[in-house]
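Student: Once you've looked at the hints, go ahead and assemble the two chains, each given alone in its own frame, into the complex.
Protein chains in written order, with our numbering: chain A, 1 to 496; chain B, 1 to 246.
If you're looking for bench data, these hints aren't it; they were derived computationally from the structure. Given the structure is predicted, the values throughout are model-derived calculations rather than measurements. Heads up, a few of these hints could be off.
Derived lysine to aspartate or glutamate pairs resembling EDC-like cross-links, with alpha carbons at most 20 Å apart [what the hints assert, rightly or not]:
(1) B:80 to A:192
(2) A:227 to B:99
(3) B:80 to B:91
(4) A:227 to B:153
(5) A:165 to A:2
(6) A:343 to A:354
(7) A:459 to B:99
(8) A:343 to A:449
(9) A:227 to A:431
(10) A:292 to A:102
(11) A:251 to A:197
(12) A:459 to B:91
(13) A:292 to A:246
(14) A:165 to B:45
(15) A:343 to A:54
(16) A:459 to A:449
(17) A:343 to A:53
(18) A:237 to A:102
Each chain, written out:
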Amino acid sequence: MEALWAGIDNLASWPVLAAILIGSVGGLAIGAVPGIGPAIAIAILLPATVFLDDLVSLVLLLGVYGSSMYGGAIPAILINTPGTPVNALTTYDGYALTRRGEAARALSLAYAASFFGGCFSIILGLSALMLFGPYLRDLGALFGQRDIFMAAALGAVLLVAAHRKTMGIAALLFGLGFLIAIIGRQTTRQIDRYTFDIEYLYPGFNLIVVIVGIFVISQALFLLTGKDADPPQARLKGGLLRGFGELNRFKPVALISSGYGTIMGIIPGVGEFVAQFFSYSTARAMSREPGKFGRGAPDGLIASEASNNAVPAAAMVPLLALGVPGEALTAMMMVVFFDAGIKPGPDIFDNNPDFLFSLFFALLIINVLVVITLLASTSHIARIIYIPNRLLGAFILILAFVGVFSIRNSFTDCMFAAGFGFLGFILRRLDWPLVPIVLGLVLGSIMIEKLTAGSGQIKTVADLVNRPVSGTLFVVILIVISVTIFTSLRTRRFEH
Amino acid sequence: MQSRASAKALKSAVRDAPMRSALAGGGFSSVCPPAKRINVEDVNDFRRTRADLVFSVFMVCVALFFFAFFFTQTGWEDRKLPANMARYWMDQFGVTAPEGRLSRLGRIIKQGWFAPLVCVCILVPAALWNLHRAWRAQLWRARFKQPTAVGHELWQWLRALEFVAWFVAYTLLVPVLGYLVATLILGTALPWRLGYRGLRWFGICFAASFAIVLVFRTGLQIRTPVNIWLYDQLPQGLETFMQVWF
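Okay, chain B solo, but in the shape it has when bound (with noise of 0.2 Å):
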């Protein structure tokens, strides 16, 4: 539910934008306000969006991915299980009496399959019946002329894959560059590359990833790679003194 409410704003919160039409280049324009009426189950409002579809489908592959490789991941091969498993869960629920001893439903239980098994269970029917709500969304959409095209949506998770990457180079420079220096760097470049430059944002951005550093690694300690090459090339006083602070 994260996401819901700070993701976009609630579509009857009171705005009182005023109504306006315009003449504008010969033709007709108009802005309505939106509806003023309010509904607190607007908190709980959810859409499916256009590429709902194509993750749903994804989600279907992941979960037939692990019911798959149940039957050899899991330890499925060396289970352990009654020769009779029909009449074992009739005695079980008393629809039959039991001959001779009953095996304990425990050691089922504790077998190591046990818990993929449940989670399988979980997985494959949800990931079947949030496919089939995707779809029927996504035919909603159909036919009433609504957009289904999801390019753009998939353009924006591959832009965020950019973003992955800085992360990714970010983790690979620490050992390099030492985290004091990494963190100056990606600190004042990701936000050059947003669009945040001159003089006083450089300074902002300085500012912020140096506390940063001087709050985790100086004051908390914590734990930062130990061999760094930068730091390995400077001289012994020097290289302790950056290694046990920054």
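For reference, chain A alone in the conformation it holds in the complex (with noise of 0.2 Å):
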């Protein structure tokens, strides 16, 4: 109770209060723009961030994350394209409930979903603190530097897994990015690997310019590419609050999608987008009318959105426990962690139980925050849709070179970045995936790290695996690669 006190306590400070309220409100506007995720916002204020207190910093980047998907669903309801890639299944019945009069009932019950959906995880997340809270004191001691490891390779296999239809590509895109983050001098027995004698490579690339070109820089050549959309006008009609009555008669969907969504959120590497497909799958199979599914059905709207409000505080548990990013979000947060000296990891809950329990309830600030936000002022958000594409590719170029050149005042990063940014549009102009390379900076990191920290206890390939822990992830690891390979053949062998 001490810890659950301290950490109410830590968020109440203007610094922190404030960088909730602009994380949460700039988040909003930036999921409701058509092209800006997140992603891009989170990479541009990562430098910024150095300068802030790590508590600050964390919250204004928890807001950005936990409210862009409640702006993102705007724009997938009101003109048919998502605000950000999570909210691509609200187009299907949201749009529908548009095109039908109805948008104002659309925006309301995905604001009711959604922060439905981010309270669930919240909550359960809050109540786990509080019950466990003791006993996963002892965690510490339960995870060795090998579990970590067989932890983070845990991500790197369901990361791969879930790119279903690209694996050869988020494979060779992990290995990129693993391949990146042990470019430079190795500290300990200093010797150079990949540095060419090129003095820039022995400290390695920064991460931040490596995300900030692949995420940002290659975004805003995406957007200055390409053409202006000229997104129909849309109608609001209509109280914006009867949806968090209509939710009522939905339940059980709600509260499945918010579970799929918290489940998916925990498992490194899987994320929204499978909350999502499970939850509009389970959703439409449990309805009356699967056939009203994509025709502006309520319960598909409610499912999407549920589920993927979910997952930002269930991210944060395998990011704080083990110290393991789930996504690239959690993964451009893990630097803010580094820089103010905190090591998530199992010790956490022993030295910082505090920090656990405000940036919980931080989350559980802006999910209330945002809401009354959007209750007040969706038809001035809404406005922001129109902002031109290629006018804020412009600006996000401009943007990149702040999160860039800020890190060590070097132009040599920028002609990296901007490097890293033309390999990303490439990425983005062929539809491969991003996240990988991101997730392979860190996760291939953290292996590593691990395992060297790790290897005195190594003597045999079994010391890898004969821990309890270690044990239980590989065998994980091996039914993943089973399954997965077993799935492949299966809908190889239905294609032809």
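Tutor: Okay, here's the thing in structure tokens:
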């Protein structure tokens, strides 16, 4: 209980509250603009967090992360274009409702479902912390270097397996990200790896340079070389509160979808897409009128929004508990942890339990703030949708400079970021996924760091898997690989 | 997965475009609405585009480049390995009983070349597998008379280089003119180049650029170049003011 009050106390300062407010409202606006996702906003903000207090930085980024999906539902419903990629399924039923003249009802349902999903996973997380907090303190003893290595390896395997139709590409890009991470001088043995005697490469690539290049500059180039969309004007009629009442009729769908979001968020490498997929399919299977799905079914909209908003709080679990980020956004947040000198991992339950409570309470406040903002100003936020894409691209390019240069005042960083940006642009054009590169960078580093640190205890191959946790994780890896191979072969047989 | 959903509209999204047919200039043309059947699987849909093969070949070259330099750029030359590796691995997996003391696996793992070896072992097979899939997609396209020319896609890549050049020019301009002036120039010139012209757009872009400088440099005090040629030409007081706030 002490940690709980300390966690709340940490939040009671003006800089933290201001960061929550700016992050929430900013995230809403960013989410509402098709073409700018939370990843871009977080990548731009990362260098700024160096100058801020660690909790202020984290709640700022959490605000962007937690609120962007609310904002992303607005263009998905009003103009059939998802604001963030995870709102893709919202277009199915949301836009169909708009075409029937029920845009306000669709938005209202989306807000209610998002709020339910978000609060569901946060309250679950807080309850788990309060109930199991004392036991979680012993988690540090249970998780050694080899166990965390195995958890990161599981994350990598799940990441590849989750890219169902692009597994080869995901593995290739994960390998590329991993390789970028190891370039530089190995500090313990003074061995240069792929430096080619170039002085710039001795300390290795800065994570932010690669992230800004791959996510921000590539998106700017993508927008700049594209065309301005001409979205139709949408009219809003009716109140935005009634969805909260209507949600009551679809409690089972909301509960199951939030459950999927929470579980998929916890599993590294899986995230919102799979959660949505399962939720939507389940909601359709449960519905008495499955034929209405895709034609304006409120339960379809609820399934999509509740599941994706349940993910942010859940995605913090592997990051905080194991120090293993499950997806790109939490991987970026890891940079803030590094800068703050806080090592996420099992020891955090013992060393900084109040910090955990602060983060979850901050997420709860963010959800409440976002809903209030949306109810009060949806019509204003909806105007953001109409900002021309290419103009946005120009300003994203300007912001990218701030993001890269401020890290260490290096023009070479800017040049390399431009190079990574061009690479990311080609990947976007080809529809190749970008997330595996970032996770390759982060998970690859974690895997090698933990394996090297634990090498003293590794006499034989069996020592990698003879601990309870690492052994269990290894079995899970084998199961995931087997199931993936089996389903791939079966799918191919059906296709032929 | 980020680009997939945002880059293109979902194939099966409901669109009520009317079916139209018209006789125009003697020729018959028709526009059919897309299928209305909803597939949730579309979210995970992936189709290899025309230039996929070109980039897949490039990625194989990258993978082989790192593989080729693995032996000279990773500390492999100074490796410390047991004399008989085949026997060592058999001992490790319990196929044979070790003769004497078994060398620790951890001693191999912590050598500098181990991580690059893991990377190369992921990168090279994945690149070759991806090339195989891209090649099959290309054959499929050719077989079913789908367009295979890559010129348009390569032109799009080249077009992006123009904006990379804008970015590089901007980074080079900042130490000469300062963050404020360089941002105002790029923030108004690039939109002008994109076609947002006229006083209204100029005003909007100017205000937006100025706001970026105010938020990041003046407000958050983000680091920008210190020795700026233009600021050096200013009187002492103004120079200090500009250096601190802009």
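Student: Are the hints correct? Go through all of them and say.
Tutor: Outcome of the hint check:
1. B:80 to A:192: Measuring from Cα to Cα gives roughly 17 Å; hence the hint holds.
2. A:227 to B:99: Not satisfied, since the Cα-Cα distance of roughly 70 Å exceeds 20 Å.
3. B:80 to B:91: Within the cut-off at roughly 18 Å; holds.
4. A:227 to B:153: holds (15 Å)
5. A:165 to A:2: The given pair, whose Cα atoms are some 48 Å apart, is violated under the 20 Å limit.
6. A:343 to A:354: Given pair residue 343 of chain A, residue 354 of chain A holds - Cα atoms ~14 Å apart, limit 20 Å.
7. A:459 to B:99: holds (15 Å)
8. A:343 to A:449: holds (13 Å)
9. A:227 to A:431: holds (17 Å)
10. A:292 to A:102: holds (15 Å)
11. A:251 to A:197: Not OK: residue 251 of chain A and residue 197 of chain A at ~62 Å, beyond 20 Å, violated.
12. A:459 to B:91: holds (11 Å)
13. A:292 to A:246: holds (17 Å)
14. A:165 to B:45: Given that 20 Å is the threshold and the Cα spacing comes to 7 Å, the pair holds.
15. A:343 to A:54: Holds, at about 12 Å.
16. A:459 to A:449: holds (17 Å)
17. A:343 to A:53: holds (16 Å)
18. A:237 to A:102: holds (8 Å)
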